[in-house]
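*Asks:* For chain A, the structure is supplied; the task is to place chain B on it using the hints.
Protein chains: 2
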Amino acid sequence: MRYLDEQAIENIAIGAAFLGTGGGGDPYIGKMMALTAIKKYGPVQLLSPEEISDDDFFIPAAMMGAPSVLIEKFPKGDEFVRVFEKLGRYLGKEVKGTFPMEAGGVNSMIPIVVAAQLGLPLIDCDGMGRAFPELQMVTFHLDGVSATPMAITDEKGNIGIMETIDNKWTERLARVTTVEMGASSLVSLYPCDGAQIKQSSIKNIVTLSEEIGKVIRETSLDEADKLQKLIDVTHGYHLFEGKIIDVVRETRAGFNFGRVKIAGLNKDTNSEVIVHFQNENLVAEKNGEPIAITPDLICMVDLETLMPITTEALKYGKRIRVMALPADKAWRTEKGIETVGPRYFGYEVDFEPLEELVQKEERRHV
Amino acid sequence: MRYLDEQAIENIAIGAAFLGTGGGGDPYIGKMMALTAIKKYGPVQLLSPEEISDDDFFIPAAMMGAPSVLIEKFPKGDEFVRVFEKLGRYLGKEVKGTFPMEAGGVNSMIPIVVAAQLGLPLIDCDGMGRAFPELQMVTFHLDGVSATPMAITDEKGNIGIMETIDNKWTERLARVTTVEMGASSLVSLYPCDGAQIKQSSIKNIVTLSEEIGKVIRETSLDEADKLQKLIDVTHGYHLFEGKIIDVVRETRAGFNFGRVKIAGLNKDTNSEVIVHFQNENLVAEKNGEPIAITPDLICMVDLETLMPITTEALKYGKRIRVMALPADKAWRTEKGIETVGPRYFGYEVDFEPLEELVQKEERRHV
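Protein chains in written order, with UniProt numbering: chain A, 1 to 366; chain B, 1 to 366.
Please keep in mind that the hints were generated in silico from the structure rather than gathered at the bench. Hints may contain errors.
Because identical chains share one entry, a pair is satisfied inside a single copy or across any pair of copies.
[Stated by the list, open to error] Below are the SDA-like pairs computed for lysine to any residue, each with C-alpha atoms no more than 20 Å apart in a straight line:
| no. | residue 1 | residue 2 |
| --- | --- | --- |
| 1 | K76 | Y28 |
| 2 | K156 | K168 |
| 3 | K168 | E155 |
| 4 | K168 | G157 |
| 5 | K226 | K267 |
| 6 | K168 | E180 |
| 7 | K168 | V179 |
| 8 | K96 | Y28 |
| 9 | K76 | E163 |
| 10 | K156 | S146 |
| 11 | K76 | I165 |
Since the model is a prediction, treat every value here as computed from it, not as a measurement.
Chain A extracted, bound-state conformation (with noise of 0.2 Å):
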């Protein structure tokens, strides 16, 4: 048990954007209220999920929708809290305390917006060990947990709640409420107790966000070294680095999808590298072959400062580096390919581990 500070909240939103994998919301969106809530309530405490009762009972809550529209639409502040409250209302239940769905800028941060404004504790994991798009692509969805009772608010007070005959209509009709609400919402499911947290959740997501974070933030490292601890820290991978040259984008659906073409530089010079992705990153192609397919993790990162780029704030001209982590290995199984995995996403290519493109392409130059 520990206590997150103002450090600590500035180091995760840093981090989880860099794990949002282009997702998540824009970190600066998400510190900004994190902050904002722990000055006026007072530093959070951070569980680890062996610290819970198995009894007790979870609920996370997080944004939902295309994250570009919050930079517009910001939120105002009470609705985190609302759709949290409610939904523990519904369920008539004692919530023990919050974690994230997901890791994202804004995302990590919305269970410590609650967690602060109720005096309850944040746990130290999450649903996904990253971020995706879809409200079924969570590692408690592989263990059979279903999405609802759900609650959804939106910024003008419309609020929810759902009870779906399975997951994928969790999704189907969330995503159109949250459509109609603007494009954006917010959420609270996968209610669970203790027990469930420590079957099924990805723990230490808060932990590991920190950690890169703080490498990032790191000044007084040269580049090179820098880059080697965040490296070292994510156990990730440098796959490329350019200068972006196009990028295609659309709002659709209550998604952000595109593709950014990314032309080499320095060592990769006469390369290109295509990253498309639907929220997150899902698939890099170097040449015209795969060098990361989801689920494992696409991070876009700044060329100098490393500082973790989302898929809405991709321009023309940007120079960044392309990195890769390999999923949690719940991704990595027959049910957590079918769920997340490329052809899912409608590409026609099947899931490598990033180890083995990495070999490949290693193959490839040699």
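*Replies:* Below, chain B alone, put in the same frame as chain A:
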């Protein structure tokens, strides 16, 4: 207080379909559902609004969406009671009866199914005195009653509760949910007490439907006498007789949109009527001049049998009569016209009362 038996149900289904002005569902499907229910659970008690207590609590149940979908997606039967009971439980109140939201072949019958199955009385009133396509088009809305909390379900078992900031948001969020559920859903909304029913409902609509149905199903009268009797019972007008020569129709956004063109027969030869609809018939024009305008009721019936024809049953070659009835005075107020007048539906015409349009039309032919 009286009981509704099989004959009453046959009459109500037909009469309510007449008042449904083309919407509210097919009376054959509706009556089959209600007859099955009273065969299994016994006849349903009908109470007039004067017979209920001010403090008792009542909930309507209705189908929402494109009525044409019902033909392919027949109700399973448990969804009416599910949505009704869900809302009751959510509100934590004992529900003392039910009533229809609107007149219509199906929407007059769904509350009878609920009443039979749960042993509750049906109240002799509704919220429209006809049918309209959107959820805020209810006399309770005109008096400031909230449509929510509402419950919504589908035949698969998905269910939701909504609380919205106003009744237009109820319509917006319920509509997208309905579309995603397959273009039709079951809803319970406008929960209210006896005092609100006395103040805001359209009274005796079930009895009026029954009387209309009795005339239409009458076999002892000749055609002219039967038509005159229908005009007398409904305080209506016979506007036109002819043959359908064109139907344009589209199911979009959870509605049936379209228009039907009718070439005159007998004394109306050489004239042409076009009726525009959105689930319900909304504007009728004869040779380019409006002859009946929403909220007044435009009812199309079979030329000989006078059986009501719902918009989804309109087809080339059918010989029909166009009749019209003045709307309840609640709809002819400023707020009424704002809510359900022709301009709300996008027609470039101002509302004129049917009685005046009939006089105008008569003067044209003097």
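*Asks:* Taking the earlier hints as the rules, which of them does this structure contradict?
*Replies:* 8
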